[in-house]
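These protein sequence lines are chains A and B, in that order. Quick note: the numbering used here has the first sequence finishing at residue 86, numbered continuously throughout. Quick note: the numbering used here has the second sequence finishing at residue 467, numbered continuously throughout.
Honestly, I wouldn't trust all of these hints.
As the list claims (entries may be wrong) - Here are the computed lysine-lysine pairs in the DSBU-like style, where the Cα-Cα straight-line distance is at most 30 angstroms: (1) B/K218 / A/K52; (2) B/K88 / B/K227; (3) B/K3 / B/K241; (4) B/K281 / B/K241; (5) B/K213 / A/K52; (6) A/K27 / A/K85; (7) B/K65 / A/K27; (8) A/K52 / A/K79; (9) B/K218 / B/K65; (10) B/K88 / B/K206; (11) B/K227 / B/K3; (12) A/K85 / B/K218; (13) B/K227 / B/K206; (14) B/K213 / B/K65; (15) B/K3 / B/K213; (16) B/K241 / A/K52; (17) A/K27 / A/K79; (18) A/K52 / B/K3; (19) B/K65 / B/K88; (20) B/K227 / B/K213; (21) B/K227 / A/K52; (22) B/K241 / B/K227; (23) B/K65 / A/K52; (24) A/K85 / A/K52.
It is worth saying that the hints were derived from the structure and are not from the lab.
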Amino acid sequence: MTPAEIRVEILDILDDISPDEDLDNLKDDVAFREQLELDSMDFLDIVMELRKRHRVQIPEEDYGHLASMASTVSYLEPKMVDIVKS
Amino acid sequence: MSKYDTIIIGAGMSGLAAGIRLAHFDQRVCILEKHYTIGGLNSFYRMGGRDYDVGLHAMTNYAVKGSDKRGPLAKLIRQLRFRWEDFKLAEQVGSSIRFPDVSLDFNNDIAMLEAEIARDFPSQIDGFQSLCGALLDYSDMDGGAPDFMRSAREVMARHISEPLLIEMLLCPLMWYGNARENDMDYGQFCIMFRACYLEGFGRPYKGVRMILKNLVRKFRGLGGELKLRSGVSRIEVDNGKAVGVVLDDGTELQADRILSSAGSVETMRMCDDVTEVDVAKAGQLSFIESISILDRMPQDFGFDRTIVFYNDSENFHWERPDTQLCDSRTGVICSPNNYLYDADEGELPDGVIRITTLANHDRWCELPDEKYAAQKMQQYDEAVESSVRFMPDFRRYVVDTDVFTPKTIRRFTWHDNGAVYGAPDKQLDGTTHLPNVFLCGTDQGFVGIVGAIVSGISMANRHCLQA
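Just chain A, with the same shape it has in the complex (with noise of 0.2 angstroms):
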């Protein structure tokens, strides 16, 4: 997946999680925490969603990584290069 790829995966699980959000003003840089009202078993859901959707597995000492949609992404990166978008 490229990273726009990424993106649209990311705000799929977001709607999915979440589907009273407004995600279309999300900004990237942005932590999620402060634009979305997320708390921890939402954060949990994100890494389970990824991991049940494409078998991507994140240890917890990575979580931080997941703070914004930029962060994610770069993180992502390596680990869904191989995936492709179905």
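Since the structure of chain A is provided, determine the placement of chain B on it from the hints.
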């Protein structure tokens, strides 16, 4: 032999919610339920052509879409991938706390309770507001907060100097979720204060069925297995780990881990490696419910309250009656008619008054059959007689009645003592003496419908998904 990632014991709110989480994330999961139907402590039944709820008087933690995204209802809707429409709740008309000579009304806007306190206890309103400001947050509810295990009465007394107001505020909170006699853990107090006074009451038009139906449909849609009439007789333990269960009919099922909503003592009793359980740890508080079907709506004879929490003296006695079958000095009067249902839903088919009073499980179970039936009628009469001191007398409108007792609750839930809110000492981290057996439901933590669902979700996340 069937092999599962997780076996869940009990198809109540917590077990079904945990099952949805695990099935959503592709686990092979099976829920085993001893009863022939789902729901556990929050079940339902049909009798004489009418639908009855067992637990639900009101769902606490009322919220609407877009209001509080961090509240428990919003959290469970997100975690279980429901839509707000799936949990559509009608708001309460209004409820009351009625003691001799004083009545405080409240609804889903805390401003009303504040105004009532300012009117009847003018010297206490500042204290009430400082108490509200000192409540623990939901994020402090894992039991780690230093004040969590303090006495709620003690913390309240720091803010409120009028003992009667303390009793009145505690009455609904203990009735709707306190397993401990006479006092309440401050953490549990904060949970219930938010759930009842800050968020408030709502009810789905079709009652608890609607919630259970949604949970089961979601669980099955994700590939989860639900086996009814499948009581667990033993949890098989090998080398200090659970390896599976044996059902009452002898069927063996294997699993990597077990999540049990059967209760702490009840689960221990199933474990092969446990020879004796400390039954004194089980909860003691159980109820009798006296249900009246009326020939008219409660509003027709001037009763518009959703819930009335009454107590007939200045002291609120929250304890198991030791010397008698029931104690109707305090009780809860509920009318499911008094909710603001949508126009397209209309009115419920019958006028209903439900009265809940405290009862002693052991005394009910000791009664021989013929006495048991007679006592149900007598205790119904006493509960109604007690309640009509706090509401208009409705006895001439009654067309049908039903009563369930602690014995009934025990028979269909298998919880020791018919304890509705579980053990007073909760196992908040959900662990047991075995590394792969965990607890959810009333003995783990939160109670009530929303609380039980949150319990199932959080224990599934913590012990079954992250492992």
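>> Hint check: B/K227 vs B/K3, CA-CA at most 30 angstroms. Holds or violated?
In response: holds (14 angstroms)
> Can the restraint linking B/K65 and A/K52 be considered satisfied, given a maximum Cα separation of 30 angstroms?
Replying inline: holds (28 angstroms)
>> Check whether the Cα positions of A/K27 and A/K79 lie no farther apart than 30 angstroms.
In response: With a Cα-Cα distance of about 23 angstroms, the restraint between A/K27 and A/K79 holds, given a limit of 30 angstroms.
> Going straight from one Cα to the other, do B/K281 and B/K241 come out at no more than 30 angstroms?
Replying inline: The hint holds at about 23 angstroms.
>> Does B/K227 sit within 30 angstroms of B/K88, going by the straight-line distance between their CA atoms?
In response: Distance of about 28 angstroms is within 30 angstroms: holds.
>> Please verify whether A/K52 and A/K79 have alpha carbons no more than 30 angstroms apart.
In response: Holds. A/K52 to A/K79 sits at ~14 angstroms (cutoff 30 angstroms).
> Are the Cα atoms of B/K65 and A/K27 separated by 30 angstroms or less?
Replying inline: holds (24 angstroms)
>> Just to be careful, I want the Cα atoms of B/K241 and A/K52 compared with a cutoff of 30 angstroms; is the pair within it?
In response: holds (27 angstroms)
> Is the straight-line distance between the alpha-carbon of B/K213 and that of A/K52 30 angstroms or less?
Replying inline: Roughly 26 angstroms between the alpha carbons, so the hint for B/K213 and A/K52 holds.
> Does the structure keep B/K218 and A/K52 at a Cα separation of 30 angstroms or less?
Replying inline: holds (18 angstroms)
>> Tell me if the straight-line CA distance from B/K227 to B/K213 falls inside 30 angstroms.
In response: OK: B/K227 and B/K213 at ~15 angstroms, within 30 angstroms.
> Does the structure keep B/K3 and B/K213 at a Cα separation of 30 angstroms or less?
Replying inline: holds (26 angstroms)
The structure meets every hint from the earlier list without exception.
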